[in-house]
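Protein chains in written order, with our numbering: chain A, 197 to 726; chain B, 24 to 726.
If you're looking for bench data, these hints aren't it; they were derived computationally from the structure.
Yeah, the Cβ is synthetic: ideal placement off N, Cα and C, and Gly gets one too.
Hints are not guaranteed to be accurate.
Listed below are the simulated DSSO-like cross-link pairs for lysine-lysine, each with C-alpha atoms no more than 30 Å apart in a straight line [claimed, not checked]:
id: 1; chain 1: B; residue 1: Lys411; chain 2: B; residue 2: Lys463
id: 2; chain 1: B; residue 1: Lys341; chain 2: B; residue 2: Lys102
id: 3; chain 1: A; residue 1: Lys388; chain 2: B; residue 2: Lys102
id: 4; chain 1: B; residue 1: Lys197; chain 2: A; residue 2: Lys479
id: 5; chain 1: B; residue 1: Lys555; chain 2: B; residue 2: Lys456
id: 6; chain 1: A; residue 1: Lys519; chain 2: B; residue 2: Lys30
id: 7; chain 1: B; residue 1: Lys42; chain 2: A; residue 2: Lys519
id: 8; chain 1: B; residue 1: Lys30; chain 2: B; residue 2: Lys334
id: 9; chain 1: A; residue 1: Lys670; chain 2: B; residue 2: Lys411
id: 10; chain 1: A; residue 1: Lys687; chain 2: B; residue 2: Lys44
id: 11; chain 1: A; residue 1: Lys670; chain 2: B; residue 2: Lys44
id: 12; chain 1: B; residue 1: Lys492; chain 2: B; residue 2: Lys555
id: 13; chain 1: A; residue 1: Lys379; chain 2: B; residue 2: Lys42
id: 14; chain 1: A; residue 1: Lys687; chain 2: B; residue 2: Lys102
id: 15; chain 1: A; residue 1: Lys672; chain 2: B; residue 2: Lys197
id: 16; chain 1: A; residue 1: Lys687; chain 2: B; residue 2: Lys140
id: 17; chain 1: A; residue 1: Lys721; chain 2: A; residue 2: Lys672
id: 18; chain 1: A; residue 1: Lys379; chain 2: A; residue 2: Lys448
Listing some non-contacts, in silico: residues in chain B with all C-beta distances to chain A over 12 Å [what the hints assert, rightly or not]:
id: 19; residue: Glu83
id: 20; residue: His149
id: 21; residue: Asp152
id: 22; residue: Val167
id: 23; residue: Val174
id: 24; residue: Cys176
id: 25; residue: Gly198
id: 26; residue: Thr203
id: 27; residue: Asp240
id: 28; residue: Pro682
id: 29; residue: Asn688
Covered, in the sense of this in silico footprint (three residues per stretch, anywhere, with C-beta under 8 Å from a C-beta of chain B), are these stretches of chain A [claimed, not checked]:
id: 30; region: 501-515
id: 31; region: 635-646
id: 32; region: 650-662
id: 33; region: 677-688
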Amino acid sequence: MNFEQIRDEAELACDYLKDDDGAIVRIGASADHPALADVINRFQQDIDKAGVKAKVIAAGSYGLYDLEPIVSIEKPGMPAVLCHNVTPEATGGLVNGYLVGGSEESELALGNVDDVPVLKLQNRTALRNCGYLDPENINEYILRGNGYSGLARALAMESGEVIGELERVGLRGRGGAGYPVAKKWQICRDTKADEKYIICNAVDADPEARTARLLIEGDPHSVLEGMLIGAYAVGAGRGFVCINSGYKAAIKRLEKALEQMRDYGLLGDSVLDSPFTFDIEIKEIEPSLAAGEETALIRTIEGRQAIPYLRTVYPAVSGLVGKPTLINNVETLSHVSAIFQNGTDAVSNNKVITLSGDVAHKYTVEVPFGTTLRSVMNDIGGAADVKTVQFGGPTGCYFSVDSLDTPIDYDTMEKAGGIVGSGTVKVYDASHCAVEMAKDVMTYLQAQSCGKCVFCREGTYQMLDILADISEGKGKPDDIDMLLELAGGMKVGSICGLGRTASNPVVSSIELFRGDYDAHVKEKKCPKKP
Amino acid sequence: MSEETVKLNIDGRDVETQKGKSVLNAALDAGIYVPHLCHHPDLPPIGACRLCIVEIEGTEGLVPSCVTTAADGMLVRTKSEEIDRMRRLALELTLAGHPADCGSCDKYLNCELQSLKQYFSCEDLHVRDRSKLLPINNSNPLFVHDPNKCVVCGRCVRACYDLRGVGVLFYTKKGRETLTGTTADLPLGDAGCRFCGACAEVCPTGAIQDKEELVKDKKRRHALIPCRYTCPAEIDVPQYIRHIREGNYAAAAAVVREKAPFPAVLGYVCDRPCEDVCRRGEVNEAVSIRELKRFAAEHDEERAWEDNSNKREPTGKKVAIIGSGPSGLTVAYYLNNQGHAVTVLEAMPYAGGMMRGGIPEYRLPRDVLDNEIKDIANRGVEIKTGVKTESVDALLEEGYDAVVVAVGTHCGQKLAIPGADNPGVLIGVDFLKSVNSGNKVVIGDRVMVLGGGNVAFDCARAAVRLGAKQVQLACLESRETMPATDDEIRQGEEEGISVYPARSFTRIIEENGRITGVEFVEVASLSFDEDKNPCIETVENSAHVLEADTVIFAIGQRPEIPPDFGLDTGPGSLIEIDSFTLSTSKDGVFAAGDAVIGTSSVIKAIASGRKAAAAADRYLGGSGIIDEKLVAVAEPESCLGLEEGFASLARCQESCVSPEERVKNFGKVVRDMDEKTAEGESKRCLQCDLRLKITSVKFWGNY
């Protein structure tokens with residue numbers, strides 16, 4: 197089927213979207229929200245009782261977890277109105293009050309979708325459709341999300357031109373290192389081989405990150421469309437989506453999405469009636485920090501132990517079973533589809549981040565580059581009495597209260613000696629001691645080290661021993677020097693990113709909070725414990 | 024690998040290497056030592072140990088040279104202060120969890136980590152050291168894993184997966200410690216291990232080693248490929264089993280023939296010392312090596328060996344060989360190959376020695392023996408039967424340039440106990456000769472065979488077939504130490520023979536000139552002195568009588584050497600030979616087989632024959648090199664692959680005709696293996712020989 201035909205079919209299937217006299221009620225929440233099913237049922241019941249013409253649709257999560265279920269009510273001809281924390285008991289009031297009555301007054305109201313502050317602070321490109329449409333209905337994506345128009349546009353170009361478009365936009369990979377996407381695609385395209393692969397890294401390796409979960413649960417097609425465009429550009433015939441094995445709902449939605457794509461001929465031979473042939477498999481990954489590394493994903497797909505290996509050439513040149521393999525982060529691919537849907541004038545300069553730690557709102561949001569850590573922490577997270585913020589995941593650096601005006605951006609982060617990584621903003625309030633923080637994170641990192649290379653394996657082990665001693669008041673001044681020496685070795689002598697960055701928290705905590713360390717070492721007591 | 028070369032400079036030296044090689048390999052090949060641990064010449068590099076780091080002009084930082092491909096014009100520096108500092112830190116961290124005492128380890132002086140410690144003069148660590156306190160795993164067959172010594176170099180993981188294609192070893196964690204092991208700590212056999220030993224071979228420390236009792240005090244080849252090096256003739260067992268597995272039976276038979284001219288005979292009667300030491304036996308049961316050999320020999324249709332056998336130019340020398348048993352015919356075969364004119368002089372009316380006169384037909388079918396003797400005769404060896412030689416000097420005067428005495432031990436012994444001269448007392452070897460010649464032999468109803476070896480059982484089982492109603496066998500040795508092979512004992516008992524071990528025979532009881540029984544006392548302990556005389560300790564008041572009307576002595580044999588031979592003999596009347604020249608006391612006269620080594624086995628006789636042939640050839644002006652290549656050598660495939668249930672593949676059941684049927688005649692007892700069984704059995708082989716093909720790592724001191 198070509199794109200026009202698909203659109204026609206979609207329109208037939210979703211006639212409610214064109215309805216002039218019907219309302220649409222969308223209930224947005226994480227798939228495992230305990231009240232989700234009840235809220236949906238109650239709305240349906242109340243609407244039937246009220247005799248109003250309205251369609252009830254389950255949508256994905258907005259990433260604003262403590263406001264869920266977020267209900268969007270769209271009356272014909274009017275902007276959608278959002279309500280938060282809608283319980284099954286409240287559905288009646290909303291139906292009768294707003295749908296029937298027309299009164300926007302409700303203590304649950306958030307306001308017009310365009311006016312909600314926490315949404316206005318964001319610049320949702322990757323997350324553009326999350327909460328906005330039904331992830332289990334490809335037709336909504338096509339009609340409401342401009343879906344697969346990007347693919348149609350790309351397939352009409354020369355595959356080399358596709359890369360040119362990305363180059364003009366200057367898209368950088370969102371996987372953590374910020375590598376220019378066009379450059380990676382070009383390398384893969386230029387490598388001659390009889391088979392090429394594309395891997396979508398949808399593994400939230402950082403346990404606090406929720407990017408992959410949000411995207412795959414809420415809008416899998418934006419990622420899959422990006423995959424198709426990438427595969428076309430480099431000449432790949434098979435793709436893999438690697439995702440946390442624990443994300444059961446996301447995997448189900450992914451399977452459904454792939455099924456629906458196949459029904460429309462968006463996968464298989466002659467995608468969109470073009471000579472392009474492509475299909476996608478799902479690979480469930482036991483999530484761990486090491487397992488989320490590119491080279492470890494390759495190993496898992498090859499059926500081998502999920503451990504990174506030292507790559508001497510880019511996977512784009514030689515990856516999965518030695519063939520050119522394009523590996524892109526799930527967030528990156530969502531940007532790709534957005535770029536091709538909306539034209540390259542729409543520049544995608546924003547990052548998905550998740551707040552965690554001592555904050556009121558542990559949201560997953562997408563903020564423009566340049567947003568400061570302070571703004572994220574205060575305006576979105578609602579933090580108070582902050583000691584420090586760790587940015588980028590468990591191997592990210594700590595930022596002192598004074599340096600929280602550091603803008604979130606690949607270049608500034610690199611200059612500051614930090615990483616963008618998973619984009620997690622972990623806030624620690626003043627009740628924490630830096631030594632305990634470092635010990636806790638190093639306990640985690642030592643357990644996560646796969647053990648293959650000596651500096652990471654022994655470095656994390658020794659660091660943990662030293663930090664434990666310092667924490668218990670058995671530390672010596674030499675120990676700090678030892679920590680820094682070990683960090684030096686780990687930084688230059690590790691096989692993968694985990695090893696290279698695992699010393700960041702320790703080193704930055706020593707730099708920022710020498711006082712806490714000195715208290716433990718010299719005075720043999722913890723400054724935070726009376 | 025392309026023939027293109029790249030030129031680079033390492034530490035000021037111009038080095039040339041093949042395109043595609045790593046900087047580390049380029050350096051090591053050029054004799055420049057760069058420390059390394061996780062690198063192994065046969066395994067893909069992983070850059071884990073960080074000892075081989077170098078500086079490369081134009082590249083930032085220190086890069087592991089094992090994973091860096093050498094490029095034209097590269098400028099490499101392998102030593103600098105920074106490099107040394109980093110290497111030291113890496114080594115110290117590697118040593119941090121490793122036991123500090125080298126002296127108490129089995130790998131002492133053979134350990135790559137120890138060598139590195141010496142290279143770096145690294146004794147005191149400035150990083151924290153610890154004991155990993157991990158349990159040593161002794162529970163697997165063949166190998167011991169001591170994870171406390173593991174340096175997580177990953178060589179075993181790569182050897183198992185990349186080299187052997189099996190992949191049962193992974194990086195695992197126990198608590199905070201990293202080590203290598205099977206998934207879920209499964210026993211190796213359950214995990215699919217092929218027990219090939221590659222992991223132990225590549226392990227740089229004492230973390231994975233062979234079990235001490237299997238290798239202690241043995242030469243390496245002997246310990247690691249015990250089948251081949253326990254075989255008196257050193258037949259390449261793993262190789263012929265490999266050929267059988269690949270369906271190439273002619274090649275398998277040829278491999279056997281490279282060391283022994285009687286593959287089928289051995290396939291029937293060899294006492295298989297190889298199977299007793301087969302490493303597969305540590306896993307479950309030994310490979311049925313003899314049966315496989317028999318299968319190959321009996322399915323050798325192409326006879327590929329024949330055209331490849333040595334056939335040197337005639338030397339004009341003549342050799343006489345006295346005796347056509349396995350040793351004599353082996354000497355004949357090889358000397359004939361070397362180009363000498365060989366005449367075998369056999370006293371009996373048949374050729375084959377004990378193979379025909381001693382071993383009954385039900386164990387070794389006549390036609391099998393005759394065909395293999397014909398294989399030798401057809402190559403130009405003259406065999407004269409019915410010719411008794413009384414003097415070797417006469418032979419030499421006749422014009423023979425050398426003589427080889429291979430007369431065997433055909434003189435059976437009797438114990439001089441009361442009653443031993445009764446006509447009902449038979450000498451085992453004479454009895455067998457008679458039976459095997461097809462003569463009508465008369466024995467009584469209750470036969471008592473005295474002796475515990477294969478000859479005794481041959482006598483007993485022949486007696487059963489001759490119709491004796493009751494056949495008993497008594498010997499000095501205990502059941503565990505009886506020299507007869509297990510299958511002979513088992514088959515004999517199945518045929519109804521009552522076995523009485525640990526008895527000393529004191530008296531043969533006669534009544535009216537006829538034997539009525541034998542008196543025994545029980546043996547408490549038995550040992551042998553240097554002259555091989557038994558020292559027996561008997562149990563007090565244990566005398567008892569077992570009824571019999573016929574007694575057959577099978578307690579030992581000596582060579583029957585005509586006095587005119589004039590050769591020096593030693594204990595047991597065995598011919599003495601010089602340990603270097605292998606010559607007898609007479610110049611130009613050599614000896615081989617049982618006459619030299621005492622009654623033993625066909626394979627030992629063959630091995631002895633090979634040695635004598637080489638010695639005689641040297642004496643006659645030849646090279647003494649009798650080795651031949653009968654089949655093209657192909658490098659065995661190093662990739663074994665994962666075979667589910669490999670460790671539990673059971674040994675094929677040896678199939679025999681039922682005891683009830685087989686005692687009725689002298690027909691062949693053993694049933695033939697079919698092709699599928701042969702393939703299955705050959706698949707059980709651990710292929711221990713692959714291990715010695717793994718490149719040895721050169722230690723620092725050898726650069």
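Claimed clearance of chain A by B/His149, with the beta carbon kept past 12 Å: Since the minimum Cβ distance to chain A is about 8 Å, B/His149 lies within 12 Å and the statement is violated.
Chain A versus B/Glu83 - minimum CB to CB distance exceeding 12 Å, so not interface: 9 Å, violated
Please work out if B/Lys555 and B/Lys456 have their alpha carbons no farther apart than 30 Å. Distance ~26 Å between B/Lys555 and B/Lys456 Cα, so the pair holds.
Verify the proposed pairing of A/Lys687 with B/Lys102, using a straight-line Cα cut of 30 Å. 21 Å, holds
Restraint status (C-alpha distance of A/Lys721 to A/Lys672 at most 30 Å): 13 Å, holds
Decide if the proposed pair is consistent with the structure: A/Lys388 and B/Lys102, CA atoms, cutoff 30 Å inclusive. Given that 30 Å is the threshold and the Cα spacing comes to 38 Å, the pair is violated.
Given the hinted pair B/Lys411 and B/Lys463, is their Cα-Cα distance within 30 Å? 24 Å, holds
30 Å limit on alpha-carbon distance, applied to hinted pair A/Lys670 and B/Lys411: Violated, because 95 Å separates the two Cα atoms, which is more than 30 Å.
Quick check: do three or more residues in the region 635-646 of chain A have a beta carbon closer than 8 Å to a beta carbon of chain B? Per the Cβ count (4), the hint holds.
Say whether it holds or is violated: B/Cys176 keeps its Cβ farther than 12 Å from all Cβ of chain A. Since the minimum Cβ distance to chain A is about 9 Å, B/Cys176 lies within 12 Å and the statement is violated.
Hey, B/Lys30 versus B/Lys334, does the alpha-carbon distance stay inside 30 Å? 49 Å, violated
If I take the minimum Cβ distance from B/Val167 to any residue of chain A, is it greater than 12 Å? 22 Å, holds
Hint check: violations occur at hints 2, 3, 8, 9, 11, 12, 18, 19, 20, 21, 23, 24, 25, 26; the rest are consistent with the structure.
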